[in-house]
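Colleague: If you read the sequences in order, they're chains A and B.
In this text, residue positions in the first sequence follow the working numbering: the first is 1, and each later residue adds one.
In this text, residue positions in the second sequence follow the working numbering: the first is 117, and each later residue adds one.
Simulated from the structure, these hints should not be mistaken for lab results.
Where is the CB? At the ideal position from N, CA and C, for every residue including glycine.
A portion of the hints provided could be inaccurate.
Stated by the list, open to error - Coverage of chain A stretches by chain B, computed from C-beta distances (three or more under 8 Å per stretch; other residues unrestricted): (1) 23-30; (2) 106-112.
Said to hold, decoys possible - Sample of chain B residues with no beta-carbon within 12 Å of chain A, all distances over it, derived: (3) 118; (4) 119; (5) 125; (6) 133; (7) 148; (8) 162; (9) 171; (10) 177; (11) 179; (12) 185; (13) 214; (14) 216.
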Amino acid sequence: NAGVTQTPKFRVLKTGQSMTLLCAQDMNHEYMYWYRQDPGMGLRLIHYSVGEGTTAKGEVPDGYNVSRLKKQNFLLGLESAAPSQTSVYFCASSYRVSDRGQETQYFGPGTRLLVL
Amino acid sequence: KNQVGQSPQSLIILEGKNCTLQCNYTVSPFSNLRWYKQDTGRGPVSLTIMTFSENTKSNGRYTATLDADTKQSSLHITASQLSDSASYICVASGSARQLTFGSGTQLTVLP
Numbered sequence: 001n002a003g004v005t006q007t008p009k010f011r012v013l014k015t016g017q018s019m020t021l022l023c024a025q026d027m028n029h030e031y032m033y034w035y036r037q038d039p040g041m042g043l044r045l046i047h048y049s050v051g052e053g054t055t056a057k058g059e060v061p062d063g064y065n066v067s068r069l070k071k072q073n074f075l076l077g078l079e080s081a082a083p084s085q086t087s088v089y090f091c092a093s094s095y096r097v098s099d100r101g102q103e104t105q106y107f108g109p110g111t112r113l114l115v116l
Numbered sequence: 117k118n119q120v121g122q123s124p125q126s127l128i129i130l131e132g133k134n135c136t137l138q139c140n141y142t143v144s145p146f147s148n149l150r151w152y153k154q155d156t157g158r159g160p161v162s163l164t165i166m167t168f169s170e171n172t173k174s175n176g177r178y179t180a181t182l183d184a185d186t187k188q189s190s191l192h193i194t195a196s197q198l199s200d201s202a203s204y205i206c207v208a209s210g211s212a213r214q215l216t217f218g219s220g221t222q223l224t225v226l227p
């Protein structure tokens, strides 16, 4: 099993350009998440999905859109990139969450994005 | 606002030594406390998950403790190895989809 994979590993964008980050998991997980990690800060949730065809906003959703057309894939889109979106983006997945939220989240290797 | 604080920010120890990392949180409601290990350039990997009713949980040389009354947790690493060099992240969960991440403690183990 590959676990959680992310494409691309690194990307440089100019302000105003658009791009899509791809996350794929082969563990048949229901839940998928997109986080961003900035220096000196903890990971922050951008968007998440509780199943195929569903998405929801997290803590910092502005400037991002997501889609979950297939259970194993979760796409994060930047329609018009801004320098403030320079960050490392992590995708994660987990099984269906219990009431107490004790599921383990499995993270991908990350995508480093630089917006000039 | 939910917050997680970690100390120290960075720590350097010699191989074979023990160390303890600290975490405090203000998350309400509180459900569980997690510790993750993040190697440089990699995604976080789960070490332990403790519910509010658990006081301690071990994973090999890693032992986490939780005091839900004082809202504090610690991660103790025994007999450190070079491969323990990483960032250790404390995460407090209030509900199924509300995880508050700390900024991490950067541990460096020297030979």
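Colleague: Take the hints in turn and mark each one as holding or not.
Modeller: Against the structure, the hints:
With 0 residues having a Cβ less than 8 Å from any Cβ of chain B, the region 23-30 of chain A misses the three-residue criterion, and the hint is violated. Counting residues of the region 106-112 of chain A whose CB lies closer than 8 Å to any CB of chain B gives 5, so the stated coverage by that chain holds, three being the minimum. For residue 118 (chain B), the requirement that its beta carbon stay farther than 12 Å from each beta carbon of chain A is not met, with the minimum near 10 Å. Consistency note on residue 119 (chain B): stated as away from chain A, yet its beta-carbon is not over 12 Å from all of that chain's, at 9 Å minimum.
Consistency note on residue 125 (chain B): stated as away from chain A, yet its beta-carbon is not over 12 Å from all of that chain's, at 9 Å minimum. No Cβ of chain A approaches the Cβ of residue 133 (chain B) within 12 Å, the least distance being about 26 Å, so the stated non-interface status holds. A Cβ of chain A approaches the Cβ of residue 148 (chain B) within 12 Å, the least distance being about 6 Å, so the stated non-interface status is violated. Chain A draws residue 162 (chain B) into its interface by the beta-carbon criterion, the shortest separation being 5 Å against a cut-off of 12 Å.
No Cβ of chain A approaches the Cβ of residue 171 (chain B) within 12 Å, the least distance being about 16 Å, so the stated non-interface status holds. In this structure residue 177 (chain B) is separated from chain A by more than 12 Å, as the shortest Cβ-Cβ distance comes to about 19 Å. Interface exclusion of residue 179 (chain B) from chain A stands, the closest Cβ pair being 18 Å apart, more than 12 Å. With a least CB separation of 19 Å from chain A, residue 185 (chain B) remains clear of the 12 Å interface cut-off, as annotated.
Listed as outside the interface, residue 214 (chain B) is inconsistent with that label: its C-beta sits roughly 8 Å from the nearest C-beta of chain A, within the 12 Å cut-off. Non-interface call for residue 216 (chain B) relative to chain A: violated, since the shortest CB-CB distance, roughly 7 Å, does not exceed 12 Å.
Hints 1, 3, 4, 5, 7, 8, 13 and 14 from the list above are not met by this structure, while the remaining hints are.
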